[in-house]
Each structure stands twice: as C-alpha cells, then as structure tokens.
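Participant: In case you want the letters, here they are:
2 protein chains.
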Amino acid sequence: MSDEALVIFTPSGKRGHFAIGTPVLTAARQLGVDLDSVCGGRGICSKCQITPGFGEFSKHGLTVTEDALSPFNEVEARYDRIRGLKEGRRLGCQARIMGDVVIDVPPESQVHRQVIRKSATARTIVMDPATHAHYVEVAEPDMHEPSGDFQRLAAALKDQWQIEGVEADPLLLHRLQPVLRKGEWKVTVILHKDHHGLPRILDIHPGFWEGRLYGLAVDLGSTTIAAHLCDLRNGNVLASSGLMNPQIRFGEDLMSRVSYAMMNPGGDREMTAAVRSALNELATSIAKEAAIDPGQIVETVFVCNPVMHHLLLGIDPVELGQAPFALATSESLSIPARLLDLSAIHPNARTYILPCIAGHVGADCAAVALSEEPNKSEDMVLIVDVGTNAEILLGNKDRVLACSSPTGPAFEGAQISSGQRAAPGAIERVEIDPETKEPRFRVIGSDLWSDDPGFAAATAQTGITGICGSGIIEVVAEMRMAGIVDPSGLIGSAEQTGTARSIPQGRTHAYVLHDGTATGGPLITVTQGDIRAIQLAKSALYAGARLLMDELGIDSVDRVVLAGAFGAHISPKHAIVLGMIPDCPLDKVTSAGNAAGTGARIALCNIASRAAIEDEVTRIHKVETAIEPRFQEHFVAANAIPHATAPFPELSKIVTLPDVSFNTAGGADGGRRRRRG
Amino acid sequence: MSDEALVIFTPSGKRGHFAIGTPVLTAARQLGVDLDSVCGGRGICSKCQITPGFGEFSKHGLTVTEDALSPFNEVEARYDRIRGLKEGRRLGCQARIMGDVVIDVPPESQVHRQVIRKSATARTIVMDPATHAHYVEVAEPDMHEPSGDFQRLAAALKDQWQIEGVEADPLLLHRLQPVLRKGEWKVTVILHKDHHGLPRILDIHPGFWEGRLYGLAVDLGSTTIAAHLCDLRNGNVLASSGLMNPQIRFGEDLMSRVSYAMMNPGGDREMTAAVRSALNELATSIAKEAAIDPGQIVETVFVCNPVMHHLLLGIDPVELGQAPFALATSESLSIPARLLDLSAIHPNARTYILPCIAGHVGADCAAVALSEEPNKSEDMVLIVDVGTNAEILLGNKDRVLACSSPTGPAFEGAQISSGQRAAPGAIERVEIDPETKEPRFRVIGSDLWSDDPGFAAATAQTGITGICGSGIIEVVAEMRMAGIVDPSGLIGSAEQTGTARSIPQGRTHAYVLHDGTATGGPLITVTQGDIRAIQLAKSALYAGARLLMDELGIDSVDRVVLAGAFGAHISPKHAIVLGMIPDCPLDKVTSAGNAAGTGARIALCNIASRAAIEDEVTRIHKVETAIEPRFQEHFVAANAIPHATAPFPELSKIVTLPDVSFNTAGGADGGRRRRRG
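Residue numbers (this note's numbering), protein chains in the order written: chain H, 1 to 677; chain Y, 1001 to 1677.
The hints are simulated quantities; they were obtained by calculation from the structure and are not laboratory data. Mixed in with the good hints, there may be bad ones.
As the list claims (entries may be wrong) - Label-pair ranges, simulated between beta-carbon atoms: (1) Leu1339(Y) / Glu137(H): 27 to 35 Å; (2) Thr1618(Y) / Asp615(H): 34 to 42 Å; (3) Val1075(Y) / Asp615(H): 37 to 45 Å; (4) Leu1339(Y) / Arg249(H): 32 to 40 Å; (5) Phe1054(Y) / Ile627(H): 53 to 61 Å; (6) Ala273(H) / Pro1071(Y): 55 to 63 Å; (7) Gly1295(Y) / Ser277(H): 23 to 31 Å; (8) Thr1618(Y) / Asp67(H): 29 to 37 Å; (9) Ile627(H) / Lys1158(Y): 26 to 34 Å; (10) Ala273(H) / Val1075(Y): 42 to 50 Å; (11) Ser1256(Y) / Ala273(H): 37 to 45 Å; (12) Val1075(Y) / Ile554(H): 49 to 57 Å.
Backbone N, C-alpha and C fix where the C-beta goes; we use that ideal spot for every residue, glycine too.
Use the sequences and the hints to build the structure in full.
Facilitator: Right, here's the structure in full:
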C-alpha cells in the first residue's frame, strides 16, 4: 500500500488522492463533494453518513477491498447502538481512508439537494440558506487569561468552522453564559450571514442541537398575504397559508391606500400596524398548522409591490402615488425582523426584502424574475403576473424589460356584480353553446359540469355562489364567441342575441349565467358593467405588454407565462380570445403558479440567489406606463374584444361564427354619453 | 506667472504647489491641513474661513501680492452681507490660488483643535468623533431611470464626500422622502461610523443644517452615575451632571447586587431596568441644564465596571460573582442606543461601550488607561482609581498590569458612623495637634478652618453634618500621627491618649471630632468601627498595588496617580501615612480627577482612540486578586497603620512623635476575640 489512496465519490464523480488515514469527510470537503456535517466532524450529528463500495469497479479500473476504510470504530458503534445506522453505512468523519475506495453519498447526506420544483418546469435550487446551525466546542474560561465567553465562542467558530468576525447583539449575549454552561462548553449556534457576508449569531443552544430551523417566504399582496413555511435544512414546504390583507379596510387598491395615507395624518402608520399585526397572526397560524414553535422561524423573506413594501417598512407611500413615483429605497434590505414588529417569530429572526425595480414595479416582480429567469431565456418570453396590479416582464437573455399596469381588482372578482373570491361554490369554468347560447359551467369543489348528471347533488353543500376571477374571464370570452357580446363589448338584447338569457337591466342588458332563485340561491348574471370592468382590466394588461413589445421592436412573443395565484387558473384560450395577452400558440402559454412566492422561497433557500437578483434588477429596463403616451393609445385600442384572428388551428376552430354588432340607443355608455352631450 | 503657485499654510507649516485656480480648501485637503468644512466646499457652511497673508515673508523668501488669491466673489459677499465676515477673512472654498501665498488657518476653522485638558497635564485630543454632519446635494428622481431616493442619496455621499456603502435602517427611511423634498434635494445627513468603519445614517435634515450634535460620556459607577454632555464639533463640555445609581436599593456594593440577581429570579432584569431608567433621567436633566434638546444627543459612550457593564447590557452578572469570573463579552460594543432602552435621546443614537479587561477589571479601568496612558509612560506609574472597587494599573511603556481590589464603600463615606457624601457641610480636611490632640477642620462650602475667625458664621447655613471620604482618610491618619490610634488601629482611652476627646463607646473608644449638640447639631465622632472599616479598605487597596509590584519584581514606584472623582480630593500625605498607597515622593503623587470619565470623553471625541484602547487592553496583563494567595498575605500585612518610614523630608517632618500602643482588655476586636475564645 502506498502513502496515498485514490478516492472516488459518487454520484458526483469527484475524485482525488489522499494521505492514508484521511477521514472521508475531510476528503469530501477538499474535493468540494456535497457531504453534510453540522458537528464539524466530531461524530455527533451523523449527517455525514456515506456508503463505501467494495469489490470490482471496472469503470474506474479499481478493486476495492474491505480494508480500504478503517474499521468501524467506537463512535460509530455507539451511534449505531443508540440511533441505529443503516446496513453498510459509515460516518464520514470517523471512517478513514486506508486504500483506494469508491464512496457513495446517499441523498440524505447531500445538503445541497434539489428542493424547489415549480409546477411547469423542474428547477434545481441549491440549498444554501443565510442561516445555518453550527456545533462548536468552546474553550473554558481561564482566570489567568481572562477573556469573554463570547470571544472564546468566536474563536471556536473561527477555528472549527472558518467563520470570522462573528457578531452578537445584547439580546443574544444575555443568554450566552447559561447556555455555554448548560452545554458544558459544547453548543450549537444559529448563525446568519447578511448580504455583506457579516456573520451574526441569532441563537445558541446547549450541546448538539437537533432542532430544525424554519423560514417564512411571504408574498405580501395588496389583497392577500400568502406564506410558505420552509424547512431551512432541505427546503421542504411544511405548510402554506394565506389571509386577507387587513389594509383592505383602508382602500381596496393600492392607490386608494396611498390616498388614505395622504388624506389622514398617521394613516400610513395605521396601515403599517395593520399589516404587521396580520403577519404575526399568519406566522402563528402557519406554525400551528405545521405543528412547530413559531419561535423556530429564524428568517423571513418578503416580496411585495412598492406600496406594500413601503407600508411594511413603515414608510409613508405618498410619493408612490404621484410622478415621478420615487421609492424611498429600491435596494434589497437585510434587517432584524423585530424592526418590523414581527414579534411572533424568533426574537432575533432576520428579514430579507427583495429589491424593487421601480416605483411601480416592486420586489414581487423581482421575485418573478428570480423564479422565471427571463434573463436566461433563449426565446422571447412575456411573463404576466396578474393581480390588482399586473407586473409584466418581457425579454430574453439579451435584454429584459419590466412595467406594471393598473388592471384594478376586476380579475380577482372584485367590482364584478356576481364576482367573488376563488372559494368552493364559485363558478370557475364556463362554456356557452354558440348555437343555443346556453351555458354550462363548473364550480370550485366539484369536477362535474353543470349539465352532468349528479351536479346538483355534488354542489348541494357549497351552493353556486358567484363567479371567481377565472370564471369571469371565461364567461366574457365565451359570450363574445357565442355572439352575445359584440366587439365593442356591448351585450345584445334577447332579440339581437336570440336568447331569453339576455335580460334588460336599466338601459343595458345582462346575461343570466345561472338562476338559483327557485331554490333560494342567487341570480348570477354578467352585466354590462361587468363587461366594461373586464374590458378596462384586460386593456390595461394588454397595453402594458404591447408597450414593452414596442420598446423591443417586436410584434409577437415566443411564449407567455401567466404568473400569480390567479394566473395559474386562467384558461390560455379565453385569455387570448379576450385579448388579455398577445396572440401566442396555446401550447406556448404556461402557468408558473405563484411565481412571486416561488421567488421568495428561492431567496429563502439560497443566499447566492439574493445577490443574483440584486444584480439582475439593475439590468432590467423599466418602462413607466403612467407617463408613456403610447400606453394610453394601446389601452384605448385594446378596449374592443375582436375575434381572435391568430393563425392557430386550436383558436380558428373556436372562432368560426360570423361577427355581430349591437348598436342600439339603449346601449350602455354610448347611450349615456349621447344623452349628456 | 507660472501655471503653479506655492501655498504655505500656517500654523501647520504645510506647503505645496498647486495649479493656478485651485480653491484654497482643495489645496488644504490635499496637504492634509486641518481646515474645517461641512458643506463640502459649496460656500454654505462658512466653516472654512482662512486669512491670507500679504506682503514680505522673508522666512519663506516670499513676497505675496494682493492678487495671489482670486477677488472676493459673490458667494463671499453674500455671506458677508448676511452673517458678516471678519476683516481679512476669506472663504477657503471660494478663494482660488492665483499666485504664491501664505494662508493662515484661524483656530475656529481648525476642526481638530485640542479640546481635552486634564487637570494635571494638558493633553491634545484630536477632534474626530464617530458622528459627523455632511451636507449633500442629491439628484432628483427620474421616472425613466428609476432608483430609490436613498440610493441617490448614497451616490451623492460617495461623489461628494467619498463615503461608500452607507446604510440606513427603516427607522430613518421613513423620514427620508419628506426631508429630501423639503430641502429641495439638498440635505444634511448625520453619519455615524461604527468600529468596522461602516457608515450609517442616523438622521437627515432639510437643507444646510446648522444644528449641533452632542454626545454623552457616561461613567456608570456602582454608587454614582456621572455624565458629561459634549459638543461633538469642538469637544466642549456643556454640562456635567450626576445622580445616584438607583441599583443601590438592590445592594450597596457590586457583590450584593450579584447576590440579588442570584437569589431573585428576574432580579438582574429589575436592576437593568432601574439603571436604564436612571440614564434616561440623567440625559433629560443634563440636556435641560445645557438648554439643548435631548434628541440632539446622537452618541453615548459608557465606561463601567464589569458588573455594571453586564447589568447595563441586560446580561445576568451571576458569573462575575464566582470564579473564574467569566465575562459574557469582553470586547467593545458599538450598538444602537435603543437596544439599551435609551429613549430620552435621539432615536437612532449609537452607543459605544469600552472593552473590559477582565472579570474584575472593567471598561472603567480601560478608560483610565486611555486617559492616563501608562503604556506610554517612561517611568513606573501606579494608577489607583479609588471607588467601591479600586481599579489599579501599574507599569510603563514596556508592560502594564491591572487588577481590581474590593475596597468596599468606606472611602466613599459609607459604613462610617458619621460618614456622608461629599456635599456642603461635610468635613473634608482635618488636622490634629500632636500635643493637645485638638482637631481643626474644614467643611465643604467654606475655605475657613474651624479655628479661623468667622468659621461659625461661614458654616451657619450648611451646618457641620458629617465626614466625607477624604475627611475620613485625613482624620484617621491624623489620629495616628497624634498618637490617638496605635499601629494596630486601636483608639486609646482618655487616660492613654491624654485627651478628653477620647470617649468610651461600648468596649471601645471613639474620638470626638466635633460636638455640635449644644447648637442642635450632630456629635461627630470617629469610632473604633470606623477605623476598622478604613483599615480593611486601605489594606485591600495597598495589597492590590503590592501584588502588581511583586509581579513586576519592583519595591517602589516612580509616581502615583490618584484617579476617581474621590481620588482628586485625597491628600497624598495622609494617604501615605495611612498606608493606602506605597511610599512615594509627595510631589510624585498627582490626581487625575475622574480619569474614567475623561477616558469616556476621549472615546466620544476621537474614533481612533477607540481602536487604540481596544488594542491596548489585549496587551494589559490582568492579575486576579481573588485567587492570588499573596493578595491575602499582603492584605493581612497591610492592616496595621505604621508610622510612615519613607525617607522623604516632608513626611519625616510630620512623623516625629514616639509611637504608642494600646493593648487593653476593652480594646475592640482583640477584647471580643478573647472573650469568645
């Protein structure tokens, strides 16, 4: 046997020669092999388990003998006795290399394994959160060489983990001494690195601590607050939960909240207190749902639009309500969570807030960019995050543009006469027969269509209560395709449309989607006002996308990604018929789910992703819709609901009817305008 | 005229050649000449005033003509009109160099002028506090190139002041936008650099802000809290104030407070709350005294012993009560003042706490070392900071040792039957006639001796109320020199001493220093118990000094510095007779006043001094008296009050009487001990 041996790690294939007697963990670290360890090689944490391979490895031209590793030692035997070690497993910190060997690192010993799978495409996120647990053995105090307990702890972190310049604040220092003594100078510290790389101790536990660290990824929307509770060790989502943003009582949309702050002295502080209180409530409830102590939540990541961003930080959003829409601060923030009054979670927890892109394009859009990576796309991608404000990204690896468009809350079911939140009982899918003009629909909570047998029984419990956002889009598009609505958006009379479902309503008409009055349920109609609200919303969305396309000098995009919790439920076909998004092959329209929330999770799980998005937002070109005259032009031009004329077979099959046009004196705005003029 | 001109600055003598047209301020900066500027050369702050010299400068071989500087310009004229500019003065940022010139920088334009004069020796402290005001002009927001207001402010600080990587927390961000707009994008920022050099914005004011920044240097003692309110521009002390440490109700000395924390769950938190509340009270009252807004106090520096250090920080001091006396943290701290609940001062104020040296040798001792600089002393200096605990430093430029000694509060007048705080009416100086044994004394508030004509009238208002610390030391030493007390500390009877002022008191005797009972005043005596308390205190002090001398292998010191508010009032002669300090020529015993407080002021006024003392404490060798057997030996040996035998004429003149020894059955402890045995 020579002085050195060849070690090959699988599945990575990394290999190197090491001195006889080198622990496997040491070899793995030197080669950069992904092998976990919390205790730093002291045989305590058992995270560094490996499986040596013995026998013939013809691929490597290697024969591995049983004595290629040092014999099972006392530390391993003890661990096996107490906790049990799987057959064939060794502890990487105990097993020493005695000859050429092939070492397999099982998935559970790989700390950096893939964790974040998005609905559409699987994406590998390397697990490397800002907060880690480190086990250290601290020198005891010596009266003759006096030094602080903290200084000896810092020295241990430097020696044993190569972490230098660690800081602790008084809120941690007061726990340090009892914990060091309880652990008999062996402790586990919870260490956070901020965006400067400055290591800071968040907590300390006596001995080797087996507890888990959790993080909260929060998508703080104008209407809803959605959070994922993640295990910071493996990125698993333990629970996802949401609640209404209590700021709604100060104004439904962002601009009415800004107005509230402008009109009411201290109004911004009221809204800040409301949202912070809701965040504490959410943290408590999501921890309860996952059956963990909320005090174990050591990190939070926030993504939000600029107004929510300012209100969360306690900054008056008044400047965001008027040109030039200046943000107080646009860069990312890494701050103690207690500065945001997040008292429900760990008292030393940290908060990271993604950077904003511009006064109307917030950290939520940055999170979508982090999740969807348009800057790495080979083809031209349009990403639309549909909410009360739509964030729009357009570009590819050469250039990415961003804007935001004030769609209003119509797509979320608000401002719609029979609109409601997406909840059981809400109509979410609609089809209208172009011949009979009769509708069929599905409600949330049942897979049956309304003309399927058993539908009444299946929906008896929830009832049929209203129309949610995706249902609104479908019904309007279907009404258009069935000729009930003309290109200008007018609903025809019963006479004009040939269906008694068109009923007069004031000077306009409404379409009866469902009449439940016979059984005490609601009469669910689509009114002329509903159509107008959807037209305004979709025009704003389309105009924003168009503006970015103009800026890039393109007339079409290669693919469209619909993002947002709501975006996931939109039918691409109906969105295109309605003219929400530019024409695009249907199979090129995908949903990214809550991409902003996914971006928040990525930032929570991987510290390098924070630097990456901070860098990327400086390159994204921002277009301000509010002052761009072409936005108004596009907006006005997009008001109509023309037949889709795109050359896609799946659409041309749908859009076959001759068009209609209703131009009556009783018709909606047209009529009213005439009367006034 | 050539392209360059010679510029000579006085009084510094710095000189250099500069391109014609260079502003004087620019030249001064490039040469490192101490010329103030807050507005960065915009002609706003007027701090850079200079006086050009014209005519013959034979010393420099230079003739300066009137056109050596550019003519008085509009900015200067406007300033002169509004504020007035002294005859011959120019603004350094406006006046440009047109030819060879001699420029005088008047004292008020030198920012780094000497500010801290100590009572004994004048010392130059360069003014360079951690917190400065900077005037900046910020770019306005541009919708087409969106960026946060804070990011444009940071860019302005980088461009205009070369300050990079500035940080702000949410508590500042919420004020940023209104202030920038009110100041029309011209603002003055208050910038703090911590010990990592990280610049952080503490406050922001619209336009050029003429306000002052203040700092509080606090000596947080076990018994009293003393604070100096300093102007951070020039180091001037605007007010000095003190109050009793309210923790006294939890225990008079440090160890009883540690016991309180050990015996009472949450007791440490009670004491922390008490001292923090007192600090807020002190900040409020000192600001009122100086007629400033306490909100303008942007920095505090604390020096304190280790127990107070921990209690201030909210750390349970229990470990400091038992070997190995481990500190939670020994290094300096630079933290937000709000973490210490200092709500009375600026909400973003910063706190710096000097490093501790060891578990018994605190930041107060480090502050004394910073003020007295034993590490720069050529001769061997003993520095004694007398308080409830005495901190002792011994050494010279080669080596410095430190220890602390538990003297107890006797020197502060506590545990003394007629003892009291140093206040009007307290006896502070005492002489006893060695023949007649009759005393004369002086009280605080009058310069007359008690046998001077008019003394009764002069003290009528205050009365004669008790004996303060310095009076106690003098009276005991005088009693010893007059033969009223023997070397073991026993007070002789009237018979033994030959004076009716020796009166029986239980089994021992007391000496009547003043009998005011005839006029309704107190009977002020020195009891045997008082003598014992002083013996214990002085033995502890002496033993500590001796221990350090042993460690250095020396038998005498070159000079002694008495520090502490109380130390300033101690008569060196009496201290030596009493055996408080080792023998030393009287003219080599000096007082440094409140050296710890001075150290705190130095750290407040000069950021480099912080790094210097942080570095120095790592080199000071700590000796732990509590576990050193020789300390006990020295302590026992030092109990006696022998005649001073030092070979100094001024002492030998005093100590001329034959010695006495009282050994009676009625004598104090001796008698009691026999009875028990």
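Participant: Please list, smallest to largest, the hint numbers that this structure does not respect.
Facilitator: 8
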